[in-house]
Amino acid sequence: MKSRLAAAFAALVFSAFAVAPAMAQERQQPRNSGNEAAVTQGTSRAAAGRQRRERAPAPPTPEQILAAAQAQMALTTTGCQVSEAKLLGKTAADTTVYEVACGTAPGYIVETKTPPEASSCIILAHSAEVARAADPTASPAQCTLAANTDIQKFLRQYAKDAGVACTVDQAKLRGQSNDGAVVYEVGCSDGPGYWIKQQAATWTKIPCIQIVAENGTCEFTTTAENAAFVKTLLAGSEAASCNVTEARLMGQNANGVFYEAKCDGADGVIARLNAENVVQQIYPCATAQQIGGGCKLMTAPAAAAAPAGGRL
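If you count by mature numbering (1 follows the signal peptide of the UniProt record, and there is no 0), then the sequence shown holds residues -24 to -1, 1 to 288, one letter each, in order.
Calculated from the structure, these hints are not laboratory results.
Ideal Cβ placement from N, Cα and C applies to all residues, glycine included.
A couple of the hints might just be wrong.
[Claimed, not checked] Quick list of the computed label-pair ranges, beta carbon to beta carbon:
hint, residue 1, residue 2, range
1, THR208, THR125, 36 to 42 Å
2, THR80, THR263, 54 to 60 Å
3, ALA114, GLU214, 56 to 62 Å
My request is simple: use the sequences and hints to build the entire structure.
As structure tokens, this is what we get:
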């Protein structure tokens, strides 16, 4: 059960420059006072102005911007079906930068490199948050199209795609796993949360009780929520009466998955469950020292003193 994360994303560096304005036409008063000279000079200036206007390309139309952005996104692996596009400008390297919306999916900022470089609006929002935390005056690039600004909506859909059945009330990007997948945390209003990630077209979810067992952290899941989850696992077993106040995932082997439950006002237990999360055996903490090193959530009782003249 290893799902260690690499370091959290550093803020992405992305520069988009405003489109250079059309060169302002020269405005100069004629110096000659004679009518003929004034007319000649005015005609020359008008002709030069017409030539400059003829050389200056017309700004692209919205339809041209959409077509150009669609062509760029078609060269990426995002699968984005462009529904809206905005021209952001040129970079110092003379590449063009667009923001695109992708229907109901998250959008991107794409730069016309070879191949095109598309940056997810979700990652850009995370990077902007990190950058502003380090420097409140920072102005990092991020998506501004209305279709791209509700990041929580996209993350809730990711949770649904990953098979998270709870009511998601919080979500955030966590970082990148060792296999290169982007990892997100989702919190639930009605139970413990998860870390989720997508590898290729497949989503996986990892419950927060497992994340904690692997020395990770879940910001949106409390100790009480993990305890309540384990309480539901004990239903119907001989430990069903345990009022679980704290719980931990101990690990698993060929025989099943092991959880420890601390019981309010009673001795704790270790429960062994099968792959269907059905309890197979309950071990009282008092006699479970050989099960994964024994119970850790309860204070071990002091050893009883041996009676005089013999052993217990």
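Outcome of range test on Cβ distance (THR208, THR125; 36 to 42 Å): 37 Å, holds
Outcome of range test on Cβ distance (THR80, THR263; 54 to 60 Å): 55 Å, holds
For the range 56 to 62 Å, tell me whether the beta carbons of ALA114 and GLU214 fit it or not. 58 Å, holds
Of the numbered hints listed earlier, not one is contradicted by the structure.
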